[in-house]
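Quick note, the sequences are listed as chains A and B, same order. Heads up, this note's numbering is the position in the first sequence plus 14, with the first residue counted as 1. Heads up, this note's numbering is the position in the second sequence plus 1, with the first residue counted as 1.
These are computed hints drawn from the structure, not numbers from a lab. C-beta: ideal position from N, C-alpha, C; glycine also. One should not assume that every hint holds.
Straight line, CA to CA, 30 Å or less: simulated DSSO-like cross-link-like pairs of lysine-lysine [as the list claims (entries may be wrong)]:
{"hint": "1", "chain 1": "A", "residue 1": "Lys221", "chain 2": "A", "residue 2": "Lys112"}
{"hint": "2", "chain 1": "B", "residue 1": "Lys338", "chain 2": "A", "residue 2": "Lys150"}
{"hint": "3", "chain 1": "A", "residue 1": "Lys253", "chain 2": "A", "residue 2": "Lys273"}
{"hint": "4", "chain 1": "A", "residue 1": "Lys172", "chain 2": "B", "residue 2": "Lys338"}
{"hint": "5", "chain 1": "A", "residue 1": "Lys150", "chain 2": "A", "residue 2": "Lys221"}
{"hint": "6", "chain 1": "A", "residue 1": "Lys142", "chain 2": "B", "residue 2": "Lys8"}
{"hint": "7", "chain 1": "A", "residue 1": "Lys279", "chain 2": "A", "residue 2": "Lys253"}
{"hint": "8", "chain 1": "B", "residue 1": "Lys356", "chain 2": "A", "residue 2": "Lys150"}
{"hint": "9", "chain 1": "B", "residue 1": "Lys166", "chain 2": "B", "residue 2": "Lys338"}
{"hint": "10", "chain 1": "B", "residue 1": "Lys338", "chain 2": "B", "residue 2": "Lys356"}
{"hint": "11", "chain 1": "A", "residue 1": "Lys112", "chain 2": "B", "residue 2": "Lys8"}
{"hint": "12", "chain 1": "A", "residue 1": "Lys52", "chain 2": "A", "residue 2": "Lys273"}
{"hint": "13", "chain 1": "A", "residue 1": "Lys172", "chain 2": "B", "residue 2": "Lys8"}
{"hint": "14", "chain 1": "B", "residue 1": "Lys166", "chain 2": "B", "residue 2": "Lys356"}
{"hint": "15", "chain 1": "A", "residue 1": "Lys150", "chain 2": "B", "residue 2": "Lys44"}
{"hint": "16", "chain 1": "A", "residue 1": "Lys142", "chain 2": "A", "residue 2": "Lys172"}
{"hint": "17", "chain 1": "B", "residue 1": "Lys122", "chain 2": "B", "residue 2": "Lys338"}
{"hint": "18", "chain 1": "A", "residue 1": "Lys52", "chain 2": "A", "residue 2": "Lys253"}
Examples of chain A residues lying across from chain B (beta carbon under 10 Å, computed) [unchecked claim]:
{"hint": "19", "residue": "Ser74"}
{"hint": "20", "residue": "Met141"}
{"hint": "21", "residue": "Met158"}
{"hint": "22", "residue": "Val160"}
{"hint": "23", "residue": "Leu193"}
{"hint": "24", "residue": "Leu226"}
Pulled from the structure, derived: some chain B residues nowhere near chain A, Cβ distances all over 12 Å [what the hints assert, rightly or not]:
{"hint": "25", "residue": "Val27"}
{"hint": "26", "residue": "Ala231"}
{"hint": "27", "residue": "Met268"}
{"hint": "28", "residue": "Ile375"}
One-letter residues, chain by chain:
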Amino acid sequence: MAQNDSGAETKEENLLPVEAGREVILRAQDVTVAFGKKVVLDHLNLDVYRGEVLGFVGGSGQGKSVLMRTILGLNPKRSGVIKVFGHDFSAVSDAERKLIEQRWGVLFQQGALFSSLTVKQNVQLPMKEHLRLSQKLMDELALMKVEMVGLPRDAADKLPSELSGGMIKRAALARALSLDPELVFLDEPTSGLDPIGAADFDDLILKLRETLGFTVYMVTHDLDSLHSICDRIAVLAEKRVLVEGTIEDMMHCDHPWVKEYFRGKRALNRV
Amino acid sequence: MLPNRPKVVHSAGDDGSVVTLSGGWVVSWAGECESLLGTTLAKLKGQPFTVNLDGVERMDTAGAWVIFSLLRNLGGASELVQGGRAEQRELINTVADYNREEYVAKSDRMSVADYLELTGKRTRTAWHDFLAVLHILGSMASVLATVLINPRRLRPVSIAVQFQKTCIGAVPIIALMSFLIGGIIAQQGGFYLRQFGADIFVVDLTGILVLREIGVILTAIMVAGRSGSAFTAEIGSMKMREEIDALHVIGLRVTEVLILPRLIALMLALPALVFISDLAALLGAGLICWIYLDILPAGFIEQLKIAITPETLMVGLIKAPFMALIVGLIACVEGMKVEGSTESLGTHTTMSVVKAIFLVILVDGIFAIFFASIGV
Numbered sequence: 015m016a017q018n019d020s021g022a023e024t025k026e027e028n029l030l031p032v033e034a035g036r037e038v039i040l041r042a043q044d045v046t047v048a049f050g051k052k053v054v055l056d057h058l059n060l061d062v063y064r065g066e067v068l069g070f071v072g073g074s075g076q077g078k079s080v081l082m083r084t085i086l087g088l089n090p091k092r093s094g095v096i097k098v099f100g101h102d103f104s105a106v107s108d109a110e111r112k113l114i115e116q117r118w119g120v121l122f123q124q125g126a127l128f129s130s131l132t133v134k135q136n137v138q139l140p141m142k143e144h145l146r147l148s149q150k151l152m153d154e155l156a157l158m159k160v161e162m163v164g165l166p167r168d169a170a171d172k173l174p175s176e177l178s179g180g181m182i183k184r185a186a187l188a189r190a191l192s193l194d195p196e197l198v199f200l201d202e203p204t205s206g207l208d209p210i211g212a213a214d215f216d217d218l219i220l221k222l223r224e225t226l227g228f229t230v231y232m233v234t235h236d237l238d239s240l241h242s243i244c245d246r247i248a249v250l251a252e253k254r255v256l257v258e259g260t261i262e263d264m265m266h267c268d269h270p271w272v273k274e275y276f277r278g279k280r281a282l283n284r285v
Numbered sequence: 002m003l004p005n006r007p008k009v010v011h012s013a014g015d016d017g018s019v020v021t022l023s024g025g026w027v028v029s030w031a032g033e034c035e036s037l038l039g040t041t042l043a044k045l046k047g048q049p050f051t052v053n054l055d056g057v058e059r060m061d062t063a064g065a066w067v068i069f070s071l072l073r074n075l076g077g078a079s080e081l082v083q084g085g086r087a088e089q090r091e092l093i094n095t096v097a098d099y100n101r102e103e104y105v106a107k108s109d110r111m112s113v114a115d116y117l118e119l120t121g122k123r124t125r126t127a128w129h130d131f132l133a134v135l136h137i138l139g140s141m142a143s144v145l146a147t148v149l150i151n152p153r154r155l156r157p158v159s160i161a162v163q164f165q166k167t168c169i170g171a172v173p174i175i176a177l178m179s180f181l182i183g184g185i186i187a188q189q190g191g192f193y194l195r196q197f198g199a200d201i202f203v204v205d206l207t208g209i210l211v212l213r214e215i216g217v218i219l220t221a222i223m224v225a226g227r228s229g230s231a232f233t234a235e236i237g238s239m240k241m242r243e244e245i246d247a248l249h250v251i252g253l254r255v256t257e258v259l260i261l262p263r264l265i266a267l268m269l270a271l272p273a274l275v276f277i278s279d280l281a282a283l284l285g286a287g288l289i290c291w292i293y294l295d296i297l298p299a300g301f302i303e304q305l306k307i308a309i310t311p312e313t314l315m316v317g318l319i320k321a322p323f324m325a326l327i328v329g330l331i332a333c334v335e336g337m338k339v340e341g342s343t344e345s346l347g348t349h350t351t352m353s354v355v356k357a358i359f360l361v362i363l364v365d366g367i368f369a370i371f372f373a374s375i376g377v
C-alpha cells in the first residue's frame, strides 16, 4: 500500500467522470445479472456522486442486495461495466483491487462480525491486514471508532455473541469505517432497530459523513431514513433503476409502485 | 489514489518553532505520521511551538488522532494547530472528543487463583456433562415408554433418515478400512508365526482379534469421527442460529425431536457396521493368508470353524450398541453446549470426537475385564 507515487492520484482524477459539477464515484453501466435463466438485473444504470447519501429502495426480492453484492464483486455479472473510483473492478490487477478494497467499507445486513474475535479485534482486522501500525496506535484508533459509532468503551472487549442487535450494527459500522473509507455501503442499516435507535443511527451516519466526508450507498426500507438523511433516492423496479431523484421527486412520481411505496397507507400514516 | 508521503518540517519562527506538516495524514501512513511527528515534537519538549497544516493534502481520523494524541502527550491542546482547511482542524477537535482515557489492555497472565478457578470450572462442567447425559438417557427412557401407547412418537422417518446417513453412507469406508486392517494383522502375525512353523494359527489370531476387539473398536472410532462430529456440528449450528430455541417455543422437546432419532439410528447402525467390518476384515485376512502364507481359502475356513464360536462374534456385536450410545450421547451433549461463536462450534466438535474415542476405548477395556471374569 505504501509504495504509491504521486502520479497515481492525478491519473485517477482524470478517470473520475464529472457530471453536472459532481464527481461520479461509482458508476454502473448496462449491468445485467442473472442466475441461470432468471434475470435479476437487466441493463441497469446507476451513478453515485461523491459526498452524497444515496438511498436505494426496491421491493423485497427485487435484487437490491444482488446489485450491492455485484458492485462489491461478490456476484458475477453477465454483462456491463461497474466502475468504482473510476476503475473497472473486474479488469483491475490484484494489487489495484486490494487498494480499492481499502477505500470502501461495507456494513452487511446481519453485521457479519467475526464471531470468534472481540469487537476491538474486528475493527482492527483491516488495519492489521493492510497496514503496518503499532499495536498501541491500532488500539487507540479502534477504540476511537468504537466510541464514534456510539458504543460504550467496555463493548470493545466483548464478543459479538454478547451484543444486542443494535450494538452489532454499530460494531459492524465501526469495522466498516476502520480504514476511513471514501465510500460506505450500508445494507439495511436500520432494520431491526427500534425507532429511537434507528433515528440515532441515521443521525450517526449524517454526523460521520460530515466529519469523515464519505459517500454513502444505503439499501434501506426505512421511510424515515429516506426522508431524513438521503440526498438522493434510486428506486429499483422492473429489473432496473426506474427513477432516481430527491425525496420530493419520489413524492410526485406517478409510477404505481413508487406511488404505493412513498404515498401508500404506511407512508402517509407516518406523520 | 494514495496521497503523498507525509512530511514534517521544523523551522524557527518569531514566537516559537513552527512544525509544518505536509503530504497525506491518512490511515495508510499513520505509522509513518506517528514516528515523524513524534520525533520532531520530542525535540521541542518544553519550548513554545505551533503545528501548521497548510501543506496537508488529505487528512482522516487516523491522521487527526496521531496529531491530537501526540500534542496531548506534550500537554498541548488542539489550539496549537493552525493553518490548513477548516474541516481539518474541525476533524482534530472531533477526534479529541473520543477516547479520553488511555486504553489498558487486559493482562493475560495466569495467577494461582486463576488456575484454581479454572479447575473448579472444569469440574463443574464435567458434573454438568454427566447430568446432561443422564437427562438425555432419562428422556430416552420416557419417550420409549410412551411409544408403547403412541407409536408415532418414535419418529420412524427421522430414524430412517439418520440411519441412511450414519450406516449406509459409512459402509464403503468401513469395509475398506477393515479389509486393510484384517490383511495387515494376518501378514504381521504370519510373519512371526511362520518362524515357529505355526502359520495356521494366524487364522485363530485374526479371527479372535477381529471379531472380539478390532471390528468394534475400529468401527466405533470411525463412527465417532464421521457421525459423531456431524451430530455435534448439526445440533451446534442449530443452537447458534436459535433453531433450538424455536423448537422449544413451538412446544417440541429437543431431546425427542433431534437427539433420540439420532441415538436410536446410531444404535441400530453400529452393530450392522460392526458385522460388515468383521466380514471385511476376515476377507482381507483370508486373502493375505492365501497369497502370503499359502493357506487356501478352504483351509482358512476350516481352521476358522475350529478357532471361533458364535460367542466370539457375539462378544464383539454386543458391545456395539453401547459404543453407539456413548458416541451419540457425547456428540449431542457437546452440540447442545455450543454458544454464539464459530470458534465454540469448532471446539465442541473437536471435544465431541476426542471424548467419544477416549470413552469407546475405556469402555472396551471395561468389557474386556467383564468378559474375562465371567469366562467368555
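Verification of the supplied hints:
no. : hint                : result
1   : A/Lys221 - A/Lys112 : 28 Å, holds
2   : B/Lys338 - A/Lys150 : 36 Å, violated
3   : A/Lys253 - A/Lys273 : 18 Å, holds
4   : A/Lys172 - B/Lys338 : 20 Å, holds
5   : A/Lys150 - A/Lys221 : 27 Å, holds
6   : A/Lys142 - B/Lys8   : 23 Å, holds
7   : A/Lys279 - A/Lys253 : 25 Å, holds
8   : B/Lys356 - A/Lys150 : 41 Å, violated
9   : B/Lys166 - B/Lys338 : 23 Å, holds
10  : B/Lys338 - B/Lys356 : 14 Å, holds
11  : A/Lys112 - B/Lys8   : 25 Å, holds
12  : A/Lys52 - A/Lys273  : 27 Å, holds
13  : A/Lys172 - B/Lys8   : 38 Å, violated
14  : B/Lys166 - B/Lys356 : 22 Å, holds
15  : A/Lys150 - B/Lys44  : 22 Å, holds
16  : A/Lys142 - A/Lys172 : 19 Å, holds
17  : B/Lys122 - B/Lys338 : 15 Å, holds
18  : A/Lys52 - A/Lys253  : 11 Å, holds
19  : Ser74               : 21 Å, violated
20  : Met141              : 7 Å, holds
21  : Met158              : 5 Å, holds
22  : Val160              : 9 Å, holds
23  : Leu193              : 5 Å, holds
24  : Leu226              : 6 Å, holds
25  : Val27               : 7 Å, violated
26  : Ala231              : 21 Å, holds
27  : Met268              : 34 Å, holds
28  : Ile375              : 50 Å, holds
Checked against the numbered hints given earlier, this structure breaks hints 2, 8, 13, 19 and 25; the rest are met.
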